[in-house]
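J.: So the chains spell out like this:
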Amino acid sequence: MVFSSLEFLFLYFAAVLFLYFFTPHRFRNITLFLVSLIFYGWGEPRYVVLMFLTIAADYAFGLLVGKYRESSPRRAKTWLAVAVAVNLGILAYFKYFNFFIDTFTAVSGISVKAIEVALPVGISFYTFQALSYVIDVYRNDAPAQKDFIAFGTYVTLFPQLIAGPIVRYKDVDDQLRGRTHSIALFASGVRTFMAGMAKKVLLANAAGEIWSRLSSADELSVAAAWLGILMYTFQIYFDFSGYSDMAIGLGKMMGFSFRENFYYPYMASSVTDFWRRWHISLSTWFREYVYIPLGGNRCGRGRQMLNLLAVWAFTGLWHGASWNFVLWGLYYFVLLVIEKTFLLKLFEKLPKFISHIYTLAAVVFGWWLFVFDDFSAGLTYLATMFGGGKAIGFIDAAGMLELSSAAVLLVILAVASTKYPRDLFYKLWQKTDLMRTAATVLCVLGFTLCVAYLVNSSFNPFLYFRF
Amino acid sequence: MTDKKTEKLPMCDREAARLLQIQMQTGNHRKAGDVFLTALFLGAIFVFAILFWILPDRAMSETENRSLAQAPKVTVERILDGKFTADIAEYMADQFPARDFFVNLKALSETALGRGGNNGILFGTGETLVTREDLPSIDNMKTNLSAIAAFSAHCESLGIPVTTAVAGRTADVLDHTLPGYYGSVYSDRLWATLSTEAEAVGVDLLNLRDPLRARAKAGEYVYYRTDHHWTTLGAYYGYAAIAEAMGDTAAPLSDFSRETVSESFYGTTWSTAGASWIDPDTMEFFRFEGDEAYVTSILDAGSERSFPGFYDTDYLLKKDKYSTFIGGNSALVTVTESGGEDRETLLLFKDSFAHAVVPFLARQYDLVIVDLRYYKQAPAALIDEYGVEAVLFLYNVDSLTASASQRLLMASLE
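Read top to bottom, the protein sequences are chains A and B. The numbering used here puts the first sequence at residues 1 to 467. The numbering used here puts the second sequence at residues 1 to 414.
Worth double-checking, as some hints may not be accurate.
Covered, in the sense of this in silico footprint (three residues per stretch, anywhere, with C-beta under 8 Å from a C-beta of chain B), are these stretches of chain A [unchecked claim]:
| id | region |
| --- | --- |
| 1 | 4-12 |
| 2 | 42-53 |
| 3 | 179-191 |
| 4 | 273-282 |
| 5 | 396-405 |
| 6 | 446-452 |
Hints are computed from structural coordinates only; laboratory data are not their basis. Every residue gets a Cβ at the ideal spot worked out from N, C-alpha and C, and that includes glycine.
Only chain A is shown next, with the shape it has when bound in the complex (with noise of 0.2 Å):
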């Protein structure tokens, strides 16, 4: 179930709201589990019993290193080592096993047989949810949770259980034990998920339905397969920050506060810039769990560079079992490195424009990368944008035609993509209470339109389902 269906909105979520408000204060969390563990199971309920054993796993695991933290580090490390090793044994085994196979396949010639297993929904990010967990205790940056109802919540809370944002556990221990709740928090809720909502069905899922259709075309002009990927950059962007919008919205009318997950990334000034503001959650993530504990900058050039490869092969393949993936990790390796090395300073002296063309040409190239998992494919259509492929000119008819009535669109998603609308908003808004009304009336409107798009779409994918 996704937050953008008619069945999560005036089904699941008006009945999670009911019986969320009405549960008495401190025994809310067992209500959210409960309707947590129901979302969870609305696609694929056999994978509810998965989930169980993965909280109950790293509900002990988190006792036992919170136990042995003090009176003896070693059993403590151990403990924390068995339960990396349960966690990305589960993850390789539902993920990564048929990949493993496929490479092993092709490099070695020998055949093995595939398993049959279908990918539970928001296994990379639930997983890496319970790990910050069992690794915040050891840390000692946030305190064992006895109370299992109350992990349980953290594991599987509906919000972000599929697509993230990746709580940190020690971000949200203490709303775990109590939150408040206010009608103007609530409110402000509502205004992000609206946001969010809107972000999803009328931006990302516009842009997706021109990407599937020219993705998809025998014949494609330069200017047409230009469009195609542009519209790509924008879906996934609309698509996922309206998620994570989504989410934040959801939990701050349950009394959650989640840190954000992006800030408008085709602002960036560089590629570094992009990584500090895409999918933040993840980058922090990699960068305290994995980055800092290889010892970061602090050993040496030669081994950050390697801790630095890691992470982006890493974080690559954590996006998906397949080789684009880890290509698109490394290739944002490099680019980070050079970077690093020169290119930044470099940038200071010029003027600014120029490093956040060079920036948007090198995320786009980047999806490119990310969106083809089929390389001879995603090579024709390369090869298409510099009019080799299946180019037939720099425009024809059905290429005319798709940017004609993409025109008004495109502007629209280019000025959504930038801060300034919402900048102008809030100026407006401590200028005036009016705004305040304005914000319900967009709320309304966008609502109703997102509700139109809804009923009457044949499209409405969810990009970061499958991660």
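Following the hints, put chain B in place on chain A, whose structure we already have.
T.: Here is chain B on its own, set in the frame of chain A:
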């Protein structure tokens, strides 16, 4: 990446906190505004949720001309394999309160955004709705043409003349309503391929696109604006060209008295596009003396029925008005003159475009009408069974590319 373990909140979180603070600041209307928004949100969610459960489910959507999803069955097995939840999604979308309003709103919004269409339908000038399909499947077309060629050779070896006529889609005939740069680019390509492929397998193709397109350009109302079919006038022009190709004399237009039977016909493209602001089409019957003496008999196993004349007028009261002509799609239909003299029998392989042509052809021939998308027996056997003396293939080009339905023709020869 920073290595500092004691981290300061990143920019975005500091900003989010600041913006939240701005939202929570006391203003004159703060509390009232927040209560209002909260009430609206909860109200919208609960009202629609409750309406959804208490309003009766509709079986059909008249506007969209399709049956709607019904409440899914609850079984443990269906829940476990995820089928139940998938059905719930479809059920909710189909039975959502005020569905027609929302469908229409989306079409409006797409128009306002200058998208030039909705749900794959282009909005042409003059309120014309055009299905967009740039590059249909050539493979299906090849298969179909070879099958038609083989069957034609078989017929001709029996001394039965065969005519093959292909009509255009709205995009082919009303191309002048589309943007100039787009116009007939893909239509021309498709028809050039069609004629090459037909020639390659030796099918002598009667092109009905060009004459109808000329009529349309001259301002004649030959294709519906809201449906993918031709009008009765368009069908007449199609008939005239076919009659000429078959060596017959077409009855002149003056033989018919034109009767307007509906001024509120909304067709299939209108349903898909959801554009309810567009005006309906007008539907006519071309009546002639004695046309009530004919009998249309639908012979599909299990749903046999027959009615006098060519028109099942019950459909005029429904949305799907085009099905008035010979009662819509059936596998096998005959049209004969009751008590008339013994006439030549024409075997007609067709899609729904032929339905509006039937009244014209029936003046001269007893008709055996086969739709190979539904007919699953050996078509060659019909030749003997009905004493067929002439064969006509009449298709819209869309049927030749959409599926390889003509393959059955080959099978019946082996």
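J.: For every hint, state whether the structure bears it out.
T.: Now the hints, each set against the structure:
no.	hint	in the structure
1	4-12	holds (count 6)
2	42-53	holds (count 5)
3	179-191	holds (count 8)
4	273-282	holds (count 3)
5	396-405	holds (count 7)
6	446-452	holds (count 5)
In terms of the numbered hints stated before, the structure departs from none.
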